[in-house]
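> Chains as they are written, first to last, in my numbering: chain A, 1 to 260; chain B, 1 to 351; chain C, 1 to 601.
Keep in mind that the hints were calculated from the coordinates and are not lab data. Heads up, some of the hints might be wrong.
Below, a list of computed lysine to any residue pairs in the SDA-like style, where the Cα atoms sit at most 20 Å apart [claimed, not checked]:
hint	chain 1	residue 1	chain 2	residue 2
1	C	376	B	55
2	A	258	B	55
3	C	97	A	220
Keep in mind the model is a prediction, meaning the values are calculated, not measured.
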Amino acid sequence: MNALASRRRHPAAILLLLLLGLVATGGLYSLLAPKPALAAVAAADDVNAGKMLFLANCATCHGQNAEGGKDGPSLAGVGAAAVDFQVGTGRMPFAGPGVQAAASKKIKFTDAQIASLAAYVASLSPGPSIPDDQYTKGDGNIAHGNELFKVNCAMCHNFSGSGGALTRGKYAPSLRNVTGRHIYEALVSGPQSMPVFNDANLSPTDKNDIISYLHELDKNKNPGGMNLGNLGPVSEGMFIWVFGLGLMVGAAVWLGAKAA
Amino acid sequence: MEPTAAGGGHPGSAVRLDQGHVEGEVPEPFADPGLPPHVSRSADLDEHAARRAERQVAALFGISMVATVIFLVAYFAIDQNTYRFVPGIGQANLSNVVLGVTLGLSLLCIGLGAVHWAKTLMPDTEVTEARHPQRSSDDARAEAVETIMAGGDASQLARRPLIKYTLGGALGLFALPLGLQLAGSLGPLPHAELSTTFWRKGMRLVRDPELTPIKASDVTIGSVFHVMPEGIDKSHDFLEEKGKAAVLLMRLNPDDIKIAKERDWGHDGIVAYSKICTHVGCPVGLYEQQTHHLLCPCHQSTFDVTEDCKVIFGPAHRPLPQLKITVDTEGYLVADSAFREAVGPSFWERG
Amino acid sequence: MSNVATPKGAAGLRAKDVRSEPVKGGGLAGWVDDRTGAAKPVSYLLKKVFPDHWSFMLGEIAMFSLIILLLTGTFLTFWFVPSSGQVIYNGSYVPLKGIAMSEAFKSTVDISFDVRGGLIMRQIHHWSALMFTVSITVHMFRVFFTGAFRKPREINWVIGTILSLLAINEGFTGYSLPDDLLSGTGLRAAEGFMQSVPVVGSYLAYFVFGGAFPGEAIIPRLYTTHVLLLPAIIVGLFTAHIVLVAVHKHTQYPGPGKTNDNVVGYPMMPVYMAKAGGFFFIVFGITTLMAALVTINPIWLYGPYDPSPVTAGSQPDWYMGFADGALRLFPGFFEFQAFGYTLSLNVFIPSLVVMPLLYGIAGAYPFIESWVTGDKREHHLLDRPRNAPTRTGLGVMAISFYLILFFAAGNDLMAIKLGLSINDITRAFQILLIVVPPLAYWVTKRICLSLQRHDRDLVLHGRETGRIVRTAEGSFFEVHQPLPEHQRWALVQHQADKPLQLAAAVDANGVRRPGARIERLRGKVSSFYFADSVDPVTPAELAAAHHDGSAHEAIEAAQDDVGQGWVGALHGGADERPETDAYAPHEQQPEHEADPDSTAR
């Protein structure tokens, strides 16, 4: 009986077998599973390229002509801004079942492909366009941006953009480290539950001010020390009960214990 | 030994078994073995260990002194506005961190040193102190009673009822002016203030905080505007009025609005509702564009904008009051009437 | 009176600690004593003995936190401006430049950014406030679960309950002073609570706020309350609290040598002065390090209060969380309108009734328990929580009720951090609030009773050493080591409370006795408390367990009926050993039970 067979009754054997099975299944799946259809950009026309990409990646949920369907809303009037935002932050294509699409580091398309998609959707019906650089640089009035943020944004996104809960499992995400362009586009297109803040409501300069404020927060200046997520008294309470009381009681136990 | 829960009766009230009235025997308990034998510490037995403990205590006190000196220097040397990267904190305010850590160490090490000293070098043999019953002796009690009664008799209070009653009256009344000062002048009477707001017919809706008026065409479907009545910033009680007059403006597809009155009071799908939650008054700011729900972040009262903001979840009871709006000749949105009911949290005389 | 036993080995070293000749009092001490006669009380105080256990330091954490609060708070008053007057900010914090705000908020931002050491002072103050309320709470739990509130300490318990309420309100007024967005939202809610009071609500709100909300009176009034009124009452009550501790002498845990009539521990001079004094510095030091490294209440990020904006995740400081949770869970159905009047029980009850009710029941508990037990003796020995199963169960039930309300206040943060629906979380908490407390009571009580039985088992049968011994006849038994005398004492010293016996409801002539109905209720409650009490082991039982071989506890007796051979199965079924046997009792006593089937006797 060789060494391997003699260990066949080892308690870890079944675990190892399961692990091998999982690795094998996963590996086979990734080898054989259908790849996402990233059609090569053959056409010279940007809108056409976008149409190809759209049909391959978006039409199943949003309809052949972006008219909407069971699984995705109509894209009429969302404009290039919405597409640039949704695809550029990895929210679209929608990764899996859930109440809300989450931002993702894994962006499925290159910048050129996103631009094509945006151009295509914009061509279907007029909507907000990708903003000009001068309004997304974040060189505006930080204090004014703060004021606007508190009135229009803090109730969903929290006072420092750490995110907040909406109903039924939806949420307003954290605004940390989002590019100025994406912030502008979200404001102007009103993704998912977020209301639309068109340029008549918050002017382009106002939006730039808000971007400036958020970028100021991104500098992560925490004069008081660790910010515990900037979530307010709840995290402070948790800290005092766990670490504060823990340290004090630890000191008390040490104090009352007999020395060596 | 089973507990003897006899149900019999003794004259008198309910009793405890161990306080004298027993049925059956009370079993003999264990005897107290007395204090356990003392175990010496290493510093009690070994002079080297004692010296080591002394050095440890001295080191702790020494760290405290060094930390204090660094604090004194850093207080003046570090500029208030210096930020440096500290792992775990991010961009930390250097002054705050250095002052805090040095102060903390200077205090903590005194404590650690003192406790370590007590633990290792001070005697740790347990000492016993006797207790005495809390109650005073019967003699002391009797003497106290006697003193009070004698004094009371000597004051003639008991046999002079006129003094007794007028004394009671005077003492009972003298504190009333103090109470009246508080109750009478702490604040004005509310009158009808809780039922009225700054809004009047014809007032333009202006943006919060920019104070610019809003055209109906600016409000697109899915938008939300935070508005106030025009001229409120000139009011002497700006914040107080704002606390009642804050309004949320939204535009829905008119077909989505299920209540006729809501459509009438709006303008082409643009509706205005009080932003002050009817639960305890937080601003209801969270508008979910797709579900048309308004969520209050404080206690999660949820209002359905398609159904005249009636409460669909949470601890609020009344729907948000609607502000009737229309447009003026230039296309700006204006209030068509004041609020028809009191806004904000309920109160007794609300009606 | 003190018994100091000098340990043999350390005699030489310790000898240097004892003076050969007494020192005469003179100098400064003499000067003070000439004028105050303080020598006697000082020596009385310095000889006082305090028992040593870490759980007795929880109240000290509160005391030291109070001192830290008074110190840092005084510093803050030199820079804080308690005024609602509107100003434009022009300090060093860029995101607020040019923004209109109250003087109170501006002065707080200035303390944080433009006063040297200001931020550390503010943070020490606020962290210390949180530590104060936390330590009061755990101290209250310790006192409750060990029964330290019994006679003669009922007054101190009531004082402590009031102090706890005052501390919470002191914290609320304190964090509302900066007039920032978060605390201002809390004040707005407070105004809503006042409005909901039946009949006088709107008047109450207008009187407290000096008019409409927010008004200009509330910040200065909160300042007076926070800096003058409440601290004065707290310091006064707290002084009474510790004077009573000194008068009653501290309680102690049961142990060998510790009786109801003595205090065993260390004297104030030098041990406790060093330990307690050192602990003060430790508490101060840890609090300061927290304040140096962890942000608390970043009001510059919240921004100034305005009735229009609000932040997601609006919660009060932790000690108000249970009231916030109660408001989130209490259904809106309970608001009624009739004849032009509105009764908002959905707001009134969770905001203004729950807190006084909970604290009122807590404050009254010692009197309830003494009515139930009829116990009029003084108690200076603490109970081990397991020896008072019903009390412990009730305490855990109350804590579970409180905790569910407390966690409910964080439902929105739970929703985003755990990826759940806030509506589902809220529903779940509503259900848990009803279901969990009685369940917690029952589970805790059962655990206490089984721990008590385990203690009995330990005493009767010793500690299982895990060593299995095989006899020559081929039978196996596990060696049990009986508990040494000093270890055993803590398990057997308590007295199991018994339900009260009732007198007859009617007297000899058949006439109903006055108070009979109350007595019957008392009997029922007493029975609820103590019907299943577990007695401690007596020497007679222990002897029976050793020699008889057939002495079983009531529980094991039931198992005898299950089947033969089960008897003594706990101990391996070894036979009684004659004295000369190799396996007979030496230092390690193998515990054995006689097998009734055995004929080896």
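> Indicate, hint by hint, whether the structure satisfies it.
Quick rundown of the hints versus the structure:
1. C:376 <-> B:55: violated (52 Å)
2. A:258 <-> B:55: holds (19 Å)
3. C:97 <-> A:220: holds (19 Å)
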